[in-house]
Amino acid sequence: MESIEAEVRRYVVEHLLFGRGEVELGGDTSFLESGIIDSTGVLELVQFLEETFQVKVEDEDLIPANLDSISALTRFVKNKYGDSSKNRN
Amino acid sequence: MSEKVSRFSADSLNLDAGAEVARISAVIRDGVFGELRRKGLVVGLSGGIDSSTVAALAVRALGADRVIGIFMPESDSSDDSLQLGQLLGKKLGIRTFKEDISGILKGAECYRRRDEAIKEVIPEYHAGYKSKLVLSSLDSSEFRISYVVVQSPEGVQTKIRLTADAFLALVAATNFKQRTRKMMEYYYADRYLYAVAGTPNRLEYDQGFFVKNGDGAADLKPIAHLYKTQVYQLAAYLGVPAEIQHRPPTTDTYSLEQSQEEFYFSLPYGKMDLCLFGKNHALPPSDVAPAVGLSEQQVARVYKDIDAKRQAAHYLHAPPMLVE
Chain A
638 MESIEAEVRR YVVEHLLFGR GEVELGGDTS FLESGIIDST GVLELVQFLE ETFQVKVEDE
698 DLIPANLDSI SALTRFVKNK YGDSSKNRN
Chain B
17 MSEKVSRFSA DSLNLDAGAE VARISAVIRD GVFGELRRKG LVVGLSGGID SSTVAALAVR
77 ALGADRVIGI FMPESDSSDD SLQLGQLLGK KLGIRTFKED ISGILKGAEC YRRRDEAIKE
137 VIPEYHAGYK SKLVLSSLDS SEFRISYVVV QSPEGVQTKI RLTADAFLAL VAATNFKQRT
197 RKMMEYYYAD RYLYAVAGTP NRLEYDQGFF VKNGDGAADL KPIAHLYKTQ VYQLAAYLGV
257 PAEIQHRPPT TDTYSLEQSQ EEFYFSLPYG KMDLCLFGKN HALPPSDVAP AVGLSEQQVA
317 RVYKDIDAKR QAAHYLHAPP MLVE
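Quick mapping for you: the protein sequence lines, in order, are chains A and B.
Note that this note's numbering has the first sequence beginning at 638, numbered continuously upward.
Note that this note's numbering has the second sequence beginning at 17, numbered continuously upward.
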């Protein structure tokens with residue numbers, strides 16, 4: 638099974654960078670500061686997380702600390718899995 | 017875009033209304049008769065402050081007999097919009113036409129598409145409900161999240177976060193309204209060999225609060241350089257009816273009453289104006305905060321939001337790309 642981080646990165650490259658894999662995107666690169674996400678992008682990201690990882694993203698989860706970089710997203714999903722006692726890496 | 021300014025206060029947006037009206041009038045006159053070579057100007061009248069001020073400026077510039085006002089109500093429009101538009105048309109003495117665009121919108125299935133988008137997140141929603149789109153407040157997160165609010169026929173309101181699919185479907189459907197209105201304005205422009213005025217103020221133009229090829233389309237945008245506060249100053253100078261000057265800004269796009277603040281800007285226009293002015297003049301948030309009545313952190317967040325909206329507005333402003 639693909640790791641959470643790899644799956645998140647693949648989504649970000651395909652949907653926020655439109656497949657332009659040559660664009661440098663570090664694990665901690667801020668989506669907001671690098672201008673690759675807008676309000677529609679956030680909604681798309683949430684839809685991806687809920688559908689791919691079967692997690693429920695609450696309104697209070699919608700903060701940069703959870704969603705603004707590949708590392709943050711990976712951490713967020715892992716924490717959510719911890720909440721629901723599921724096992725993904 | 018940054019300009020230096022020595023002192024900053026709420027008065028920084030005050031202008032010499034008479035001089036500005038004269039300057040804009042000259043540009044409209046030269047633009048319409050010279051550059052565009054048209055006989056007059058068409059203005060869509062919504063009963064709001066921006067379109068009313070543009071129509072009054074057009075009359076100053078060209079004379080009442082060279083200005084056409086169009087009222088374009090549809091099923092979701094508030095009654096005020098038409099009444100206030102008619103009030104202005106009479107006061108200015110211009111030729112006006114009323115075009116109810118509901119039929120065109122029904123033909124394009126605007127309402128059905130909108131209702132289906134809302135049903136994606138609120139299955140019990142049906143045509144008897146009213147609805148509006150709102151954005152999360154700047155205090156809740158740096159991410160701006162869209163919600164739909166519906167009101168049942170019994171008056172019960174529900175607010176649900178939109179999915180990306182539902183959001184895009186809802187916006188795409190309601191954008192028919194602005195594009196249909198612009199189509200109608202160009203009908204009259206072609207019919208009488210007139211040009212079409214756009215009515216965005218500086219906040220809307222800068223921040224992308226318009227529909228591409230809808231209300232964003234025009235031959236001339238005479239108040240796009242003015243902060244909304246300044247548009248009100250011109251409206252008062254030009255004698256725009258008090259009822260229009262005192263009407264709260266609205267989008268008049270959704271069936272539930274909706275302010276521009278909850279739909280797009282998250283702050284009252286007066287505060288947004290001051291923040292935008294501060295940012296345009298490279299003022300640090302600490303200088304702007306006292307005049308706006310916000311904390312330094314809140315102003316910093318507004319600055320970030322201004323940048324984010326400018327980025328999103330890039331697509332809206334972009335002309336068609338050509339291969340050289």
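These are computed hints drawn from the structure, not numbers from a lab.
None of these values were measured; they are calculated from a predicted model.
Hints are supplied without guarantee of correctness; some may be wrong.
[Claimed, not checked] Taking lysine-lysine pairs in the BS3-like style, the calculated list, with each CA pair at most 25 Å apart, reads: (1) B:K114 <-> B:K228; (2) B:K325 <-> B:K237; (3) B:K237 <-> B:K175; (4) B:K237 <-> A:K693; (5) B:K135 <-> B:K55; (6) B:K175 <-> A:K693.
[Said to hold, decoys possible] Here are some of the chain A residues that sit facing chain B, going by a computed Cβ distance under 7 Å: (7) G658; (8) L662; (9) I673; (10) D675; (11) S676; (12) E681; (13) Q684; (14) L699; (15) A702.
[Claimed, not checked] So these bits of chain B aren't anywhere near chain A, every CB distance computed over 12 Å: (16) A35; (17) S41; (18) E125; (19) A180; (20) Y202; (21) N229; (22) S302; (23) D303.
Each residue gets a CB set at the ideal place from its N, CA and C atoms; glycine is no exception.
So, going through the hints one by one against the coordinates:
| no. | hint | result |
| --- | --- | --- |
| 1 | B:K114 <-> B:K228 | holds (24 Å) |
| 2 | B:K325 <-> B:K237 | holds (20 Å) |
| 3 | B:K237 <-> B:K175 | violated (36 Å) |
| 4 | B:K237 <-> A:K693 | violated (45 Å) |
| 5 | B:K135 <-> B:K55 | violated (47 Å) |
| 6 | B:K175 <-> A:K693 | holds (17 Å) |
| 7 | G658 | violated (22 Å) |
| 8 | L662 | violated (17 Å) |
| 9 | I673 | violated (9 Å) |
| 10 | D675 | holds (5 Å) |
| 11 | S676 | holds (4 Å) |
| 12 | E681 | holds (4 Å) |
| 13 | Q684 | holds (5 Å) |
| 14 | L699 | holds (5 Å) |
| 15 | A702 | violated (10 Å) |
| 16 | A35 | holds (38 Å) |
| 17 | S41 | holds (38 Å) |
| 18 | E125 | holds (22 Å) |
| 19 | A180 | violated (4 Å) |
| 20 | Y202 | holds (29 Å) |
| 21 | N229 | holds (18 Å) |
| 22 | S302 | holds (21 Å) |
| 23 | D303 | holds (23 Å) |
In summary, the numbered hints that this structure violates are 3, 4, 5, 7, 8, 9, 15, 19.
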